[in-house]
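**Student:** Residue numbers (the working numbering), protein chains in the order written: chain A, 107 to 704; chain B, 107 to 704.
No lab work stands behind these hints, which were simulated from the structure alone. Any given hint could turn out to be false.
Since the list gives no way to pick out one identical chain from another, each pair is judged satisfied if it fits inside one copy or across any two copies.
BS3-like cross-link-like pairs, simulated, lysine-lysine; straight-line CA separation at most 25 Å [to be verified]:
1. K697 / K682
2. K682 / K621
3. K621 / K234
4. K693 / K682
5. K222 / K548
6. K621 / K693
7. K668 / K621
8. K325 / K693
9. K425 / K186
Given next are the chains, with one letter for each unit.
2 protein chains.
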Amino acid sequence: MTWKRSHHCSELTTENTGEEVILNGWVATRRDLGGVIFIDLRDRYGITQIVFYETDKNLHKKAEQLRTEYVIGIKGVVEKRGEENINDELTTGGIEVRVTDLEIYSEAETTPFEIKEGIPTNEETRLKYRYLDLRRPDIQENMVVRSDFYQSTRAYFHNNEFLEVETPVLMKSTPEGARDYLVPSRVSPGKFFALPQSPQTYKQLLMVSGFDRYFQIVKCFRDEDLRADRQPEFTQIDVEMSFVDEDDIMEMTEGLMQKLLKDTVDEEVTAPFNRMTYKEAMETYGTDKPDTRFGLEFADFSELVKDSEFNIFSSTVEKGGAVLGITVPGQGDMGRGVIDRLTERVQNETGAAGLIYIKLNEDDGVKCSVEKFLKDETVDAMVDEADADMGDLVLILAGASPDVYKQLGQLRLMMGEEYNLIDEDAYEFLWVTDFPLVEYSKEEHRYHALHHPFTAPHPEDLEELDDNPEEVRSRGYDLVLNGYEIGGGSIRIHDRELQTQMFELLGIDKEEAQKRFGFLLEAFRYGAPPHGGIAFGVDRIVMILTGGTSLRDVIAFPKNQKAQSLMDNSPDYVDKEQLDDLHINLKEYAKEEQQEQE
Amino acid sequence: MTWKRSHHCSELTTENTGEEVILNGWVATRRDLGGVIFIDLRDRYGITQIVFYETDKNLHKKAEQLRTEYVIGIKGVVEKRGEENINDELTTGGIEVRVTDLEIYSEAETTPFEIKEGIPTNEETRLKYRYLDLRRPDIQENMVVRSDFYQSTRAYFHNNEFLEVETPVLMKSTPEGARDYLVPSRVSPGKFFALPQSPQTYKQLLMVSGFDRYFQIVKCFRDEDLRADRQPEFTQIDVEMSFVDEDDIMEMTEGLMQKLLKDTVDEEVTAPFNRMTYKEAMETYGTDKPDTRFGLEFADFSELVKDSEFNIFSSTVEKGGAVLGITVPGQGDMGRGVIDRLTERVQNETGAAGLIYIKLNEDDGVKCSVEKFLKDETVDAMVDEADADMGDLVLILAGASPDVYKQLGQLRLMMGEEYNLIDEDAYEFLWVTDFPLVEYSKEEHRYHALHHPFTAPHPEDLEELDDNPEEVRSRGYDLVLNGYEIGGGSIRIHDRELQTQMFELLGIDKEEAQKRFGFLLEAFRYGAPPHGGIAFGVDRIVMILTGGTSLRDVIAFPKNQKAQSLMDNSPDYVDKEQLDDLHINLKEYAKEEQQEQE
Chain A
107 MTWKRSHHCS ELTTENTGEE VILNGWVATR RDLGGVIFID LRDRYGITQI
157 VFYETDKNLH KKAEQLRTEY VIGIKGVVEK RGEENINDEL TTGGIEVRVT
207 DLEIYSEAET TPFEIKEGIP TNEETRLKYR YLDLRRPDIQ ENMVVRSDFY
257 QSTRAYFHNN EFLEVETPVL MKSTPEGARD YLVPSRVSPG KFFALPQSPQ
307 TYKQLLMVSG FDRYFQIVKC FRDEDLRADR QPEFTQIDVE MSFVDEDDIM
357 EMTEGLMQKL LKDTVDEEVT APFNRMTYKE AMETYGTDKP DTRFGLEFAD
407 FSELVKDSEF NIFSSTVEKG GAVLGITVPG QGDMGRGVID RLTERVQNET
457 GAAGLIYIKL NEDDGVKCSV EKFLKDETVD AMVDEADADM GDLVLILAGA
507 SPDVYKQLGQ LRLMMGEEYN LIDEDAYEFL WVTDFPLVEY SKEEHRYHAL
557 HHPFTAPHPE DLEELDDNPE EVRSRGYDLV LNGYEIGGGS IRIHDRELQT
607 QMFELLGIDK EEAQKRFGFL LEAFRYGAPP HGGIAFGVDR IVMILTGGTS
657 LRDVIAFPKN QKAQSLMDNS PDYVDKEQLD DLHINLKEYA KEEQQEQE
Chain B
107 MTWKRSHHCS ELTTENTGEE VILNGWVATR RDLGGVIFID LRDRYGITQI
157 VFYETDKNLH KKAEQLRTEY VIGIKGVVEK RGEENINDEL TTGGIEVRVT
207 DLEIYSEAET TPFEIKEGIP TNEETRLKYR YLDLRRPDIQ ENMVVRSDFY
257 QSTRAYFHNN EFLEVETPVL MKSTPEGARD YLVPSRVSPG KFFALPQSPQ
307 TYKQLLMVSG FDRYFQIVKC FRDEDLRADR QPEFTQIDVE MSFVDEDDIM
357 EMTEGLMQKL LKDTVDEEVT APFNRMTYKE AMETYGTDKP DTRFGLEFAD
407 FSELVKDSEF NIFSSTVEKG GAVLGITVPG QGDMGRGVID RLTERVQNET
457 GAAGLIYIKL NEDDGVKCSV EKFLKDETVD AMVDEADADM GDLVLILAGA
507 SPDVYKQLGQ LRLMMGEEYN LIDEDAYEFL WVTDFPLVEY SKEEHRYHAL
557 HHPFTAPHPE DLEELDDNPE EVRSRGYDLV LNGYEIGGGS IRIHDRELQT
607 QMFELLGIDK EEAQKRFGFL LEAFRYGAPP HGGIAFGVDR IVMILTGGTS
657 LRDVIAFPKN QKAQSLMDNS PDYVDKEQLD DLHINLKEYA KEEQQEQE
């Protein structure tokens, strides 16, 4: 017998006093006070206090059986709490429900960890009992935000005449970039499907078909070695538009982000977002995804110090490297010990050779750690270039390019976090544009596409494509939020010749291009519109919006760093008959391992 | 250079006369009339006629290059058409656009088939050039309906406080029912993920977690031998609710269907929908998914004829079979030839042994095909039982149960189609309930769950579970629309003991149950709410709503009946290195086949 609830557990207030109600939920806590049993009843909406008095003997006796996490239904009457018992932190804190009838739907054993926010629990235990971890109110709230996020996204695109189209999950393996997850075919012996790393080719084909505004929230897959913030399956908002240029995609994106922030965390952001070229981002922040919630932009001292007697500076510049600095406000009197520890950390974490500094404080004036090698006017000029004032600290790295930029970029983030320079409540969006089209891989002796092989080259740089491909800018763009890359896209190639040329540049010969992407090249024969698009990482954006630091807190059933689900023990061994059907065998060592384990 | 359109191709009317506009699209048709070039410009919204006059020589010359399916942008001025040229079938039929500037974005070769509705084209060619097939206005319209369908569904659930939660695609293989698609793990040698046949266990775990209203539109996978209306990947609306019984799920479903029909095809349907038990459906229509858009309910003559001298009737009934009939209105004078052909068809398609009939017409009166074996009063009683009137035809089958019911069910559908008894504009919903919990498989010598192993038995039949499991009704329900099963679900077991008992009944021993479903049984230890749910087949519902007969017309990139995508040639062979990474080998015969092909 299931009772239909009249209210959920975050709904009743003093306005309901005297009403007869029915509630369903979990026993969150239970207290016996002088024969009166108080229970906090929990559902996903909140908590309501219910009370069993001794006067009803049978009911009270039944209530005595109740333990934490029992699932129950109750009938009762809403009563005002006494002044002294009002709990202002709960919506329902002004009332309690005097129980008149009780139904126990399900008993519960003692849970392996307490169902509460912020209780420290071993990560493995949490993943194994994920269904209990998902009872924690903070994770439940994340799931609510995530659900709102989906609806907000879809409403936006739907209202802007985008069509939602589903693309296949069982598709063709086109190894490029990350490793594919493969699916053996039973009907076609020896052949395999791949799970999509992105629906890239399909969304371009939809443009060729004439669906000029496409979106989809879609699962994608990458069989990579997992880092802390990667999952083998992830969700992206996938978008493509025809007859557009960069500005159209950006404008559409800005509208989406404004709506998303409004709908999920009630924040207003202004558009258009700032834009910065890749070159500028690297030179100013040492990264292509700068956190622009704080300053500490780079100063370039290379020109100032290239002729100095300090050999580390001059020889670095001579060899084509750079001498760069950032100014940390208010740290001009940093103690020697602190600087030593910082130096060590910088060396360990960034790989920089050493840390040079200029301290500016009232006691010592301007003090440079290598002042005996530098002229006073050089130090003064550096302070000037760094825009440093009395009380500030200038941190300086010298080294080869582009490493030194990246190293200083990391140091900048350390300083931002260490000295609370980051406004944690801010949402700072930034477009990064004009990426190089390709980069050269010394290991593989070939060019790689920085975005992907379908990204259009910048029309102004087209003539460099043959001779100086690394100088060619692409029509790609990334969207950065608070230092996270949350989206990326490009205007695509829609011309068969140019696409063929691009494949050649990337070392994909004609035959291979035909085999892997022939259907796309073929499609371009029959009238392809100019088009472009973008994709956004849902997991990461929701993580930022919920103020979290782990993707696992915004995914209902995540995998661990070995791509395993500890809850249901997947992946797992399967029957030999299943493999026979798929025309495959395990390799001997894998077979032996299975036999040992079973 | 891409021009930003001012309007799409179904937007301009005489109200825009004189406006300067920009349009983008495909050349659908092109006519040269006395030096004036008329082009129907097409985009996914519609068609606009554009005109190039000879007066602008350069422009006209450029326009002469244009061929069908070229992608172009134009600037021009909206002009009223002359009375004689108005096309009332197009929104834009009152105007044309006099072109002042032309940009050719992309040329096009002659397409392998014409881009038009209803042009007969070989199915293989259509699938190979799917991106061109998707240019047909009728398929584009299907995709628009499908997109609206998604938004309508999600709005409904969102407005009813359901949370959308994504469940994993890489999950555990739990072979039961259909074959799993498997995904080899690279990180865990010898182990495999499976793609979900449905997120059944996950949605139940979400209930255990306290998310009391869950929905998701989700891809599912079955590696089955494909029939005409099956695809290896399909989309379902997946729903689960806590603290509910059958009525709650049905009421929620009825609201969804009402909204869906209103939003996509502007139809009103009344709720609650009719309900029928499985037993009644089988006895009345010979199927558990009756098409209730027309009558022809079964009459059961078994009692009337069990003692008749006609041996086929009496011995059939004696052996536990049945003698059943349907009354086809207005066919009482069916000719001998027609009946003979029908008999042959019934024998071939349904496997029935023969067809007996009673014709009622003014010329012959009541005429039974086996009247010499039957007493007149028996025939009269049968006519009476069949509710047949003068002019009607009673068709009769005799045979073993349940085969004869199914055979007559098929015959009923044939008659409905043949004699236009079906109202093609009607949407007839029907709930089928009280299914048997299990059925016995003679081949496997074990019971199978009719829905799935998590479906709760009917509480009234619980005591039969051990001794007469086939007599136990389940708490499952199917939703039928116009004779298609479009959804199915059940109230679930939420008790560990009962679930264990159920696994035992299905021949899944303790160890195996633990290995496959241990995490669910474990979850039930910690407080599981009563819960139930349902899932709907998106592809099939959209097919019905768009009036189609093939799932391929409502799926953007479908597979053929061999589970292949002819467009991108997937599945396909992969590199040996990819298999090495996954710790698998092809079996020898598959390897040889690959070598032969490559």
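**Student:** It remains to establish, for every hint, whether it holds in the given structure.
**Tutor:** Structure-based check of each hint:
no.: 1; hint: K697 / K682; result: both (10 Å within a copy, 19 Å between copies)
no.: 2; hint: K682 / K621; result: between (32 Å within a copy, 16 Å between copies)
no.: 3; hint: K621 / K234; result: between (43 Å within a copy, 15 Å between copies)
no.: 4; hint: K693 / K682; result: both (13 Å within a copy, 13 Å between copies)
no.: 5; hint: K222 / K548; result: neither (52 Å within a copy, 51 Å between copies)
no.: 6; hint: K621 / K693; result: between (28 Å within a copy, 24 Å between copies)
no.: 7; hint: K668 / K621; result: between (33 Å within a copy, 20 Å between copies)
no.: 8; hint: K325 / K693; result: neither (30 Å within a copy, 31 Å between copies)
no.: 9; hint: K425 / K186; result: neither (79 Å within a copy, 71 Å between copies)
In summary, the structure is inconsistent with hints 5, 8 and 9 from the numbered list given earlier, while agreeing with the others.
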